[in-house]
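Start from the sequences and build out the full structure, keeping to the hints where you can.
If you read the protein sequences in the order shown, they are chains A and B. Residue 1 is where the first sequence starts when you use my numbering, and the numbers rise one by one after that. Residue 1 is where the second sequence starts when you use my numbering, and the numbers rise one by one after that.
Keep in mind the hints are simulated off the structure, nothing from the lab. Remember, it's a predicted structure, so these values are computed and weren't measured experimentally. Each hint can be trusted.
Pairwise CB distance ranges, derived in the manner of DEER restraints:
{"no.": "1", "chain 1": "A", "residue 1": "Q61", "chain 2": "B", "residue 2": "L161", "range": "37 to 47 Å"}
{"no.": "2", "chain 1": "B", "residue 1": "D190", "chain 2": "A", "residue 2": "D104", "range": "45 to 55 Å"}
{"no.": "3", "chain 1": "A", "residue 1": "D175", "chain 2": "B", "residue 2": "T24", "range": "39 to 49 Å"}
{"no.": "4", "chain 1": "A", "residue 1": "Q61", "chain 2": "B", "residue 2": "I219", "range": "21 to 31 Å"}
The beta carbon of each residue, even a glycine, is placed where N, CA and C say it ideally should be.
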Amino acid sequence: MLDVVDLECRRGDRRLFSGLCFSLAPGTLLHVRGRNGSGKTTLLRALSGLLARDAGQINWQGEDISALAEDYRRDLLYFGHLNGIKSDLNGIENLRVAATLDGDRVADDALWIALGRMGLAGFEDLPTKVLSQGQKKRVALARLLVSRAPLWILDEPFSALDTDAVDLLGSLIADHVAGGGIVVLTTHQEVPLTSGQVQRLQLGG
Amino acid sequence: MRVFLCVLGRDITLAMRRRTDVLTTLFFFIIVVSLFPLGVGTEKQTLKILGPGVVWVAALLASMLALERLFAADYEDGTLEQMLLSTQPPAVLVLAKVTAHWLLTGLPLVIIAPLVGLQYQLPGNAQWIMMVSLLVGTPVLSLIGAIGAALTLGLRGGGILLSLLILPLYIPVLVYGAGAVTVSMIDLADTQPYLSLLGAFLLLALTLSPLATGAALRIALE
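Here it is in structure tokens:
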């Protein structure tokens, strides 16, 4: 359960949004929309705890996220504009590091299966610098398959992906929501859900 | 602990795939130290006086050289962001990264030091003290440097600012590190107080630097 009360964020002197309130129950997808510069990424970074908020409260299971610190981060998977993978490491190594940092113990077999499901079979042991943009993004998104975090915060996860990958990611998100997870995402695409509810948030204007 | 080892292993693997970075630091150290005898001349007494100071200043500059890249690469590709969102406190991750940094840039200097010390006609005893003082002192350099590297992260012209910020903080380490070697060449003098003080610096840096660096990284990512 993620509760946001009277959230306000500024960038420099500009107030991006204020008085923002919403509450996300398990099994909910929050689709954040808004034109460029309306503060979508800022909101997502504030929700993940990377960005200090100027006012308001963000509560996870009834407790403030800055007080929860590591306990909150264990329940959180944040996927930002940067892929967060090292170009000198191969897909397996990148995924292993990411899983360890998330506090998950994942067997090597599971890592290979996850990359295989992301359509990267045969590319697992290549350094990611030789992969294409879309493939790098697939390596990074493979984290979604090995993570056990209930809260996903995804910033433009669909960009640079081809139609197959978009469908795959869409189904992953739908499965997560159907399994009682919470997803907050920004995208210009519609995500078809099989179950669970969708909330929309329009920023700016 | 698992996360610590994972980040440590990751940084060492990365450095091994990009060996030039590590070798640059080492060769920089060797070249700077070797330039002085060429410039000053080969008079034994002069070299003996210069030796400890030169080796330590070169170690300082070499450690400085590698600092800029400590967090910059991770910052650019977003892995630093992911580390700060991991289940461990930032201090643990910082400590792992600094340990890797020291193993790759500090330890090689310690090992190569007696070899470059030969050029300064240092007696065997002084060579040992130099190795010990570098062994205790270079981790302090990495730890203090990490604070500066985190504070200047993402700034334009951060490299110069980093030197201005960090080099003054290196002074105590330089004074006692070079002091220990100089004193070891005097009969009846005891080097222990110098080494004990370096040890104290190390303990202090080890406890405070990861916390300060972690806080600085959080600010840098906002």
